[in-house]
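Use these hints to put chain F onto chain V, whose structure you have.
Each protein sequence line maps, in turn, to chains V and F.
So for the first sequence, the working numbering puts the first residue at 1; every next one is plus one.
So for the second sequence, the working numbering puts the first residue at 340; every next one is plus one.
Do not rely on the hints blindly, as some may be mistaken.
Claimed, not checked - Footprint (simulated), chain V over chain F, 3 or more residues, beta carbon under 8 Å:
#	stretch
1	449-460
2	628-638
3	644-656
4	661-672
To be verified - Have a look at the derived ranges for each label pair, beta carbon to beta carbon:
#	chain 1	residue 1	chain 2	residue 2	range
5	V	Lys16	F	Asn354	43 to 53 Å
6	V	Ser52	F	Asp676	53 to 63 Å
7	V	Thr224	F	Asn354	45 to 55 Å
8	F	Ser490	V	Pro226	48 to 58 Å
9	F	Val519	V	Glu294	46 to 56 Å
10	F	Thr564	V	Val180	41 to 51 Å
11	F	Ser409	V	Ser198	27 to 37 Å
12	V	Pro226	F	Asp417	24 to 34 Å
13	V	Asp337	F	Ser490	57 to 67 Å
14	V	Asn223	F	Val519	33 to 43 Å
15	F	Asp441	V	Arg159	32 to 42 Å
Claimed, not checked - As a list, the in silico DMTMM-like pairs of lysine to aspartate or glutamate whose alpha-carbon atoms are at most 25 Å apart:
#	chain 1	residue 1	chain 2	residue 2
16	V	Lys4	F	Asp441
17	V	Lys8	F	Asp441
18	F	Lys591	V	Asp102
19	V	Lys255	V	Glu334
20	F	Lys517	V	Asp221
21	F	Lys468	V	Asp221
22	F	Lys468	V	Glu334
23	F	Lys641	F	Asp567
Please keep in mind that the hints were generated in silico from the structure rather than gathered at the bench.
The beta-carbon is built from N, C-alpha and C at its ideal position, and this holds for glycine as well.
Protein chains: 2
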Amino acid sequence: MEDKTMIKQTVLFKNKPRIISSYSIAGPKEGAGLFSHYFDLILKTDSFHEKSYEKAERKMMEHAIFNAISRASLNPSDIDMLLSGDLLNQIISSSFSARRFDTTYVGLFGACSTMAESLALGASLINAKYFNYVACATSSHFSTAERQFRSPLELGSQRPPTSQWTVTGSACSIISSKGVGPCITMATFGKVTDYDISDVNNMGAAMAPAAMSTLCAHFNDTNTTPLDYDLIITGDLGKLGSEILIDLMQYKGYKLGQNYIDCGQAIFDKTQKTFQGGSGCGCSAIMLNGYFLEQLKRGEYKKILFMATGALLSPTSSFQGDSIPGIAHALVIENDDLP
Amino acid sequence: MEDKTMIKQTVLFKNKPRIISSYSIAGPKEGAGLFSHYFDLILKTDSFHEKSYEKAERKMMEHAIFNAISRASLNPSDIDMLLSGDLLNQIISSSFSARRFDTTYVGLFGACSTMAESLALGASLINAKYFNYVACATSSHFSTAERQFRSPLELGSQRPPTSQWTVTGSACSIISSKGVGPCITMATFGKVTDYDISDVNNMGAAMAPAAMSTLCAHFNDTNTTPLDYDLIITGDLGKLGSEILIDLMQYKGYKLGQNYIDCGQAIFDKTQKTFQGGSGCGCSAIMLNGYFLEQLKRGEYKKILFMATGALLSPTSSFQGDSIPGIAHALVIENDDLP
Chain V
1 MEDKTMIKQT VLFKNKPRII SSYSIAGPKE GAGLFSHYFD LILKTDSFHE
51 KSYEKAERKM MEHAIFNAIS RASLNPSDID MLLSGDLLNQ IISSSFSARR
101 FDTTYVGLFG ACSTMAESLA LGASLINAKY FNYVACATSS HFSTAERQFR
151 SPLELGSQRP PTSQWTVTGS ACSIISSKGV GPCITMATFG KVTDYDISDV
201 NNMGAAMAPA AMSTLCAHFN DTNTTPLDYD LIITGDLGKL GSEILIDLMQ
251 YKGYKLGQNY IDCGQAIFDK TQKTFQGGSG CGCSAIMLNG YFLEQLKRGE
301 YKKILFMATG ALLSPTSSFQ GDSIPGIAHA LVIENDDLP
Chain F
340 MEDKTMIKQT VLFKNKPRII SSYSIAGPKE GAGLFSHYFD LILKTDSFHE
390 KSYEKAERKM MEHAIFNAIS RASLNPSDID MLLSGDLLNQ IISSSFSARR
440 FDTTYVGLFG ACSTMAESLA LGASLINAKY FNYVACATSS HFSTAERQFR
490 SPLELGSQRP PTSQWTVTGS ACSIISSKGV GPCITMATFG KVTDYDISDV
540 NNMGAAMAPA AMSTLCAHFN DTNTTPLDYD LIITGDLGKL GSEILIDLMQ
590 YKGYKLGQNY IDCGQAIFDK TQKTFQGGSG CGCSAIMLNG YFLEQLKRGE
640 YKKILFMATG ALLSPTSSFQ GDSIPGIAHA LVIENDDLP
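So that you can see chain V by itself, here it is in the shape it has in the complex:
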């Protein structure tokens, strides 16, 4: 592996792209969950004093980007590129946020896999020495996602037991090869995987096969097993989706044990009635930038595998009878200061 830059789906970063700064914002419900102490800002109202939820989501992302940059002791003009995406049609949260920053912009769409997609591409560009600093960001908002993907909240539609709760939150990471912070050592890019699930209220089942595909590719490409990581993190499979992933991996000969956690399953308290847990781009984004990176820095973990998963449907594709394709991108993030 020493002198290669890629092995099949996995790109190896020799030039040590680091997450030198990160910032996370959570909505009120997320801030009342189990990880409330780790988010940098918890909103008091999910409208964030804006006239629409869409504008609130955008404001969250602007805040996350601005504060991640400040925390790195940089100015917005120091950032060479912003890579971001979100769930809204034409990713307006990202594009309108990008308008506030005097930096080049690459818009992404990977549904809830966006945090991993942006970090994987951002690390690729930093590792290639094209840029000094890139910002990687994403967001989601319960109230914008519900009315876009499902029904207006005013309808009070009943939520089925397989459903998840879209996280209101946004986060941003600044990557550079100058500075201090956890190092992104590899990225495994995912393939679109579709096991013919068409239930739009069961995202976990739709995304679990993509998670399996990328995990297996990663272990194969890098000649590792689940035991080589202190923690394996999936984005928003939720409780049911995580169980499906554990089953699928077992079928492939890998045991996901105590060192496996799903952000969607973990983020809410059981009393919060979210059924299978959290979902949305913001879910894994605020858990990574709020909690896991902090644990890496503190030395609680030395090496984690972070994989965000996305369901690549639209209401139109579902109305036209299509199943739900999934994708997952994975990153190895290490605290290389630890022995």
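Quick look at chain F alone, frame taken from chain V:
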């Protein structure tokens, strides 16, 4: 410039990423335009024998990708990554197309700038030697875009004189540093630019400032002028938008003259009643992959500057009173076999 990899917004590619193959599909109206001889496939009906226009658009992209791969004498499994995006909510044309190919996938959203965005990122990844072959694709369809962004066609809404006609078409380029073909020598990534235009029927005016921003950045970064290129190509500013760009550039001290062309303005015949011309991701994509790359290969041009422009609005952002941010990414593409 010799040993740098970047100058501000511009990335320099030393390892000669080449467009080794390309394929373009045009709808019936586009196939009746001025460039009909250059498109690889002209559809007889814009439904492409599918039950919905969305499925037709997807089928076009699948065909474009598959045929671009075949034309490079490759198998789909040789492609390391597909980078694609389109105009539809959650870029379903791209994601569902990606499902057909056993390759990693990065979903992009840059509205009509997507062909340039995908090529700029694809060339960056190939130049960094992460991958051997990447496919860059996009699509648009008049009938999917009209009903998503404006009104159902059945309403027969009157089109205002500043409007453009979304091109039905899809194209794919295969990039590699192995093989023969026009070389991508630089990419200038654009910044989101918003001059407070809010007329959703005047995309040219909304995007022209972004085009100006990226063009000026490119000329500054590379110490070139418009005269250094045999041809400067913009994506889909249309007739009015191009005139605005020419004015804006003049204001900035640059003269865009006989060597400037806009794909949107050029693609349709004046008798085709498209008002300001063509638009959509497919517009610049089929013009580049169908016509301009062929002219480069034939030696008609040695060095072109290809810049696709995107309007980053959604119906929701417009309904909520927002203006229209624009973006433009530019590529220098050269026939380096010519003296």
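Okay, the hints, checked on the actual structure:
Here the stretch 449-460 of chain F counts 4 residues with a CB under 8 Å from a CB of chain V, which clears the bar of 3, and the coverage holds. Counting residues of the stretch 628-638 of chain F whose beta carbon lies closer than 8 Å to any beta carbon of chain V gives 0, which falls short of the minimum of three for the stated coverage. With 6 residues carrying a beta carbon less than 8 Å from a beta carbon of chain V, the stretch 644-656 of chain F meets the three-residue requirement, and the given coverage holds. With 3 residues having a Cβ less than 8 Å from any Cβ of chain V, the stretch 661-672 of chain F passes the three-residue criterion, so the hint holds.
Separated by about 21 Å at the C-beta atoms, Lys16 of chain V and Asn354 of chain F break the suggested range of 43 to 53 Å. A beta carbon spacing of about 54 Å between Ser52 of chain V and Asp676 of chain F agrees with the range 53 to 63 Å that was offered as a hint. The hinted range of 45 to 55 Å is not satisfied by Thr224 of chain V and Asn354 of chain F, whose Cβ atoms lie roughly 29 Å apart. For Ser490 of chain F paired with Pro226 of chain V, a C-beta distance near 52 Å keeps the hint of 48 to 58 Å intact.
Under the hint 46 to 56 Å, the C-beta atoms of Val519 of chain F and Glu294 of chain V, about 50 Å apart, fit the expected range. A beta carbon spacing of about 42 Å between Thr564 of chain F and Val180 of chain V agrees with the range 41 to 51 Å that was offered as a hint. The supplied range of 27 to 37 Å is met by Ser409 of chain F and Ser198 of chain V, whose beta-carbon atoms lie about 31 Å from each other. Against the hinted window of 24 to 34 Å, the Cβ-Cβ separation of Pro226 of chain V and Asp417 of chain F comes to about 30 Å, which satisfies the hint.
For Asp337 of chain V and Ser490 of chain F, the Cβ-Cβ distance of about 58 Å falls inside the hinted range of 57 to 67 Å, so the restraint holds. Between Asn223 of chain V and Val519 of chain F, the C-beta spacing of about 35 Å keeps the proposed range 33 to 43 Å intact. Asp441 of chain F and Arg159 of chain V have their C-beta atoms about 36 Å apart, which keeps the hinted 32 to 42 Å range intact. Distance restraint check for Lys4 of chain V and Asp441 of chain F: the Cα-Cα separation of roughly 22 Å lies within the 25 Å cut-off, and the hinted pair is therefore satisfied.
Our distance criterion of 25 Å between C-alpha atoms is met by Lys8 of chain V and Asp441 of chain F, whose separation comes to about 12 Å. As the CA atoms of Lys591 of chain F and Asp102 of chain V are separated by approximately 19 Å, the hinted pair is consistent with the 25 Å bound. Pair hint Lys255 of chain V plus Glu334 of chain V holds up; C-alpha atoms about 22 Å apart against a cutoff of 25 Å. Distance restraint check for Lys517 of chain F and Asp221 of chain V: the Cα-Cα separation of roughly 23 Å lies within the 25 Å cut-off, and the hinted pair is therefore satisfied.
Simply put, Lys468 of chain F and Asp221 of chain V have alpha-carbon atoms about 17 Å apart, close enough for the 25 Å limit, and the pair holds. Note on Lys468 of chain F and Glu334 of chain V: the hinted pairing holds, with a Cα-Cα distance of about 23 Å set against a maximum of 25 Å. For the hint pairing Lys641 of chain F with Asp567 of chain F, the CA-to-CA distance comes to about 11 Å; that is within 25 Å, so the pair holds.
In summary, the structure is inconsistent with hints 2, 5 and 7 from the numbered list given earlier, while agreeing with the others.
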